[in-house]
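Peer 1: For the protein sequence lines, the chains are A and B, in the order given.
For the first sequence, this note's numbering begins at 1 and goes up steadily by one.
For the second sequence, this note's numbering begins at 1 and goes up steadily by one.
Just to be clear, a hint being listed does not mean it is correct.
[To be verified] Using 25 Å as the maximum straight-line C-alpha spacing, the simulated DSS-like pairs for lysine-lysine come out as follows:
| id | chain 1 | residue 1 | chain 2 | residue 2 |
| --- | --- | --- | --- | --- |
| 1 | B | K65 | A | K138 |
| 2 | A | K96 | B | K115 |
| 3 | B | K115 | A | K103 |
[Unchecked claim] A short list of chain A residues far from chain B (calculated; beta carbon distances all over 10 Å):
| id | residue |
| --- | --- |
| 4 | V18 |
| 5 | A27 |
| 6 | Y30 |
| 7 | F51 |
| 8 | S66 |
| 9 | I92 |
| 10 | R113 |
| 11 | V114 |
| 12 | N127 |
| 13 | M133 |
| 14 | V136 |
Derived by calculation from the structure, the hints in this document are not laboratory data.
Idealized CB from N, CA, C, for every residue including glycine.
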Amino acid sequence: MKTYLPPKSTLIVWQIRVTVLLALLVAVLYWFIADYFLVLFCVSLVLAVVFNLIYFPAFLRCYSISVNQNAIIIKSGVFIKHERILPFPRMIYAEKQQTLVAKAFSVSALVLRVARAATLTVELKDNDIAEIMKAVAKWQ
Amino acid sequence: MAVKLKITAHPIMIFYYLKPFWFVLIIPLIKAIVSAVIKAEVNNVLLNELFISVVLITYSVIKWKKLKINISSDFIEIYLGVVRRRYANIPINKISTIETTKSPLDYIFGTQKVKINTEAGKQGSADFWFKLNVGDVKKVTELYPEKVTPKTIKFSAVRVAVMAATSSSAFTGIVLVVPIINQAVRLLGTAVTDLLLDRINKIGQLFSKFMPPVVNTVTVVFLISYFIAFLISFFKSVNFKVVFAGKKTGVFSGLLVLRKVLFNTKSVNSVCIEQTPLMRFFARYLLRVGIGGYGNRKGDRAVVVPSAKRDEVHELFSVLFPKFEPADNKIKPHKNTRWRFYYLPTLFLAVSVILYLVLSYSFPVFKGLISFGFIVTACVLAYYYSLAEYNTKHSCISVAPVIYANYTRWSATREMFCEHNRIGIIHITRWPVDKRKNTCNVRLTVRSEAAESITVKHISYNELTDEIKSLYQI
């Protein structure tokens with residue numbers, strides 16, 4: 001059984017996303033309620049710190065994808081632990097998804113499609129994604 | 001995994017990517033440009049629209065350029081997206097259907113729309129779709145030659161018309177709904193006119209003057225709509241033929257828009273022999289299959305035999321789907337409990353009679369309309385009784401490696417065949433009366449996108465649970 005962990009660049013990708021999103025939110029809200037800009041800025045700053053420096057590092061530390069001979073096991077969760085088992089026979093196909101930011105850091109997310117459902121993973125190294133996709137393909 | 005064929009989409013895809021913006025951006029832009037040329041002045045709005053249009057067109061062109069399809073002997077690889085790049089690697093044996101459509105526009109551009117469906121996609125939409133050159137579509141099909149000589153079954157236009165008429169709501173609408181609406185509104189008009197003539201003479205006269213033309217217009221509108229619906233259904237299904245080539249089955253149909261659905265026989269979840277109310281009059285049946293992942297608005301079903309007599313449809317079924325041959329151990333409703341099929345129609349009849357008497361006594365002016373309503377209800381209930389009779393005679397279930405059930409669903413009668421490992425949920429319901437008589441109602445849900453279900457009522461509880469226990473080793 002081989003276990004894949006998210007690399008450090010995944011954390012940077014998510015930190016960039018959250019920062020950009022919050023900055024955009026502040027900019028849009030400033031347009032409408034300029035009087036409360038300072039409050040908005042402070043709230044966004046707190047949110048950015050909580051997500052970027054506390055939650056995401058903890059989330060990614062708890063995240064792992066294991067591939068054995070018969071299934072893919074995804075473990076996640078900071079407060080509530082989740083374990084998803086996807087047996088290969090039930091799997092239809094795997095799909096790689098990569099945004100522009102993720103591409104810059106050579107990481108990409110994986111969508112594992114099973115009958116009537118799909119599971120999206122966090123970004124892993126491109127090589128790791130290729131290995132998992134190969135494992136899925138090999139089983140078919 | 002050696003790539004056998006690399007395909008790029010046809011440039012017409014750019015048009016489809018821009019489709020959501022046609023009416024809000026492109027057409028107003030063309031209008032603004034024409035207006036600017038006539039007035040010989042350029043304003044800021046035009047410049048903004050022009051800028052957004054250029055951005056969108058550039059984005060669509062890049063999106064089209066980035067769409068690539070690689071086909072090997074075992075896999076189809078698809079690359080798509082600009083901002084969010086996607087790469088899917090689909091094993092050929094996991095593809096449930098490949099649907100190709102050729103519209104009049106496709107004839108002009110030499111293209112075909114190809115939809116790829118797997119069981120993982122959303123219900124009602126394809127996993128992937130693209131417009132390809134006709135030549136490329138041909139190359140794709142040539143990559144997978146069938147060693148078996150294809151067997152083609154064609155169906156005449158008359159049979160297709162029977163299917164279009166009896167399996168869609170169009171003909172039912174023309175034959176039943178329109179005359180009923182017409183008569184009901186006419187009677188309502190007469191009653192209201194009488195009522196108003198007694199009270200306010202002027203309004204009553206106005207009503208009696210305008211009501212008949214309104215009724216006629218409504219009738220004509222309904223008639224035309226249903227007729228158009230019938231024509232659409234007919235032209236979609238005309239030229240119908242089914243081709244069987246080993247593990248693959250193809251359903252071809254259409255006149256103006258040619259449609260072809262190729263599916264793997266392994267992907268078939270269930271096979272149904274169905275008879276709609278109108279088909280009962282014609283003594284015809286249709287054969288359809290439920291395919292995992294194949295999706296249109298009506299669920300994952302494809303008609304294989306549009307219209308045939310009972311013996312013919314059963315003969316075709318055993319030739320086309322030999323592995324769906326059912327076992328003989330059928331559980332039927334017990335003789336002592338069969339009367340319970342008549343319980344609900346009798347209850348509805350009693351309620352209708354009481355309502356008719358109460359309403360006609362309370363509103364004598366509307367007696368004509370109420371009597372007409374009662375006659376229509378009585379006809380519907382008579383059909384309901386005929387379905388109850390069908391259930392007493394034919395309803396049964398066989399819990400075996402091939403699950404077989406004969407039952408009625410809404411107004412149609414149905415025989416369904418399904419492999420036992422395709423069943424997702426078995427739901428047994430017991431009312432207090434069932435406990436006394438040791439019977440139950442069972443509903444089996446097929447594990448598919450449409451989650452089609454089989455319901456058989458008033459059968460022996462012990463017999464059923466024994467069969468389920470031995471089949472599923474529960």
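Peer 1: It remains to establish, for every hint, whether it holds in the given structure.
Peer 2: Hints, one by one, checked against the model:
no.: 1; hint: K65(B) - K138(A); result: violated, 30 Å
no.: 2; hint: K96(A) - K115(B); result: holds, 20 Å
no.: 3; hint: K115(B) - K103(A); result: violated, 29 Å
no.: 4; hint: V18; result: holds, 17 Å
no.: 5; hint: A27; result: holds, 20 Å
no.: 6; hint: Y30; result: holds, 23 Å
no.: 7; hint: F51; result: holds, 21 Å
no.: 8; hint: S66; result: holds, 20 Å
no.: 9; hint: I92; result: violated, 4 Å
no.: 10; hint: R113; result: violated, 4 Å
no.: 11; hint: V114; result: violated, 6 Å
no.: 12; hint: N127; result: holds, 14 Å
no.: 13; hint: M133; result: violated, 6 Å
no.: 14; hint: V136; result: violated, 8 Å
Hints 1, 3, 9, 10, 11, 13 and 14 from the list above are not met by this structure, while the remaining hints are.
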